[in-house]
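J.: What follows is each chain in one-letter form.
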Amino acid sequence: MYFWKWNINRGGHVIYSWKKIVKTGLPLLTLTILIEIFGGQILQGRQESLILFPIFLISIPVINSISGNIGSVLGARLASGLHVGYITLSYKDKEMHDNLLISLLMGFITYFILAIVIYFVAAFGNLITEDIALIKFIAIFILTGILLISTVAIVSIITAFLSFKRGLDPDDMVAPVVTTVGDVMGILFLFIILGIFGVVI
Amino acid sequence: MYAKEMVKQSLPLIIFCGLGAIVAGTTLGLMIDLLEEIPGLIVVIPAIIAMRGNISTAFGSRLGSAYHLGIIDADNLWNEELKQNIIGSLLLSFFVAFIIGILAYITSILPPINVYPDPVKLISIVIIAGILSGAILTFMTIAIIYMVFKRGYDPDNITGPALATFGDIITMLCIFGSGILIEVVM
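As they're listed, the protein sequences go chains G and Z.
Per my numbering, the first sequence runs over residues 1 to 201.
Per my numbering, the second sequence runs over residues 202 to 387.
The hints are simulated quantities; they were obtained by calculation from the structure and are not laboratory data.
By construction, the Cβ of each residue, glycine as well, lies at the ideal position given by its N, Cα and C atoms.
Among the clues, some could well be false.
[As the list claims (entries may be wrong)] Okay, the calculated beta carbon distance ranges per label pair:
#1 G:R166 / Z:E384: 46 to 56 Å
#2 G:L26 / Z:P362: 24 to 34 Å
#3 Z:P312 / G:L52: 31 to 41 Å
#4 G:L26 / Z:K284: 13 to 23 Å
#5 G:K136 / Z:L220: 21 to 31 Å
[Claimed, not checked] Here are the computed lysine to aspartate or glutamate pairs in the EDC-like style, where the Cα-Cα straight-line distance is at most 16 Å:
#6 G:K20 / Z:E281
#7 Z:K351 / Z:D276
#8 Z:K322 / Z:E238
#9 Z:K322 / Z:E237
#10 G:K19 / Z:D274
#11 Z:K205 / G:D98
#12 Z:K284 / Z:D274
#13 Z:K205 / G:E95
#14 Z:K322 / Z:E281
#15 Z:K351 / Z:D274
Please build the complete structure, drawing on both the sequences and the hints.
T.: Now the structure itself:
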């Protein structure tokens, strides 16, 4: 009803303040972007190859989105398990192993499906300037994905366990750590796999 | 067994977010001419997307908490709490965008990169893209929250995935747009 009009808070005092939001957000964000800039510089170093193969330019946000989401879901599930108590703080915990295995499986399925979609989007949009076979592209995409998901899952488990051990809420820690690490490692792994396949020098 | 429900509930959403990322990626793929014309532009892209994701998700989850605390609801949405949150998010976007521009410039001119971008151009693009995407996503979040309130759903379940899917696309389009704008103006 009062959507268009600024209202004074009922209690008279305000819980949120822009100063507090900026002050708490800035340090972690600065650290995050410092790491992301490193990933950006890897892209700049390989810009020539990316311009020859725009299909990999399309792939980068996708590779990072999948690993970030799966890592966050795994982290959130571990956090809930640790809070409630059905996951113990042990690297041999069976429930944790099950979650890890399912995450890897979900990652594999997702990378496979989206590799095919990307290939046809790129072909349809005339974004394949240099020839690359569908099978080769799927192989590169999935190998990068498996490498990345494994890394991100381990980072997710370690972050969840360590933060829980130190009395920090894993829910606050896992998502930012996992997405940042995943972004840079995703770019790095993609170029390593591309190098192995001889696509870029 | 928790595994089955995990696959059933998360997998479709993860694939859906991936499809959204393909739209963002295709936008990036269409930017190749711009990336060639503006050295250093490719460096800032992961950082801007990460910044946008962090600030918007935090904004969304704060509004979710505010709803659970009873501070905001559908009839009392546009209040001082929301105003402080909007100002905080946009100012944070401005500061972080500025830092991204500076860091991208400094790391580019140093060895072993040795690329020399135009610092004014690069920083302007990052700030315009950061503020523009911030403003669009802030108001999108408020609109989503308003609709979620009206239906009585829990905002915590809706804003996260919605922002994850649309955030990257909107941010990438904003980078594209501000790149073209700066290229034309300067």
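J.: Can you list which hints this structure breaks, lowest number first?
T.: Hints 3, 10 and 14 contradicted; others consistent.
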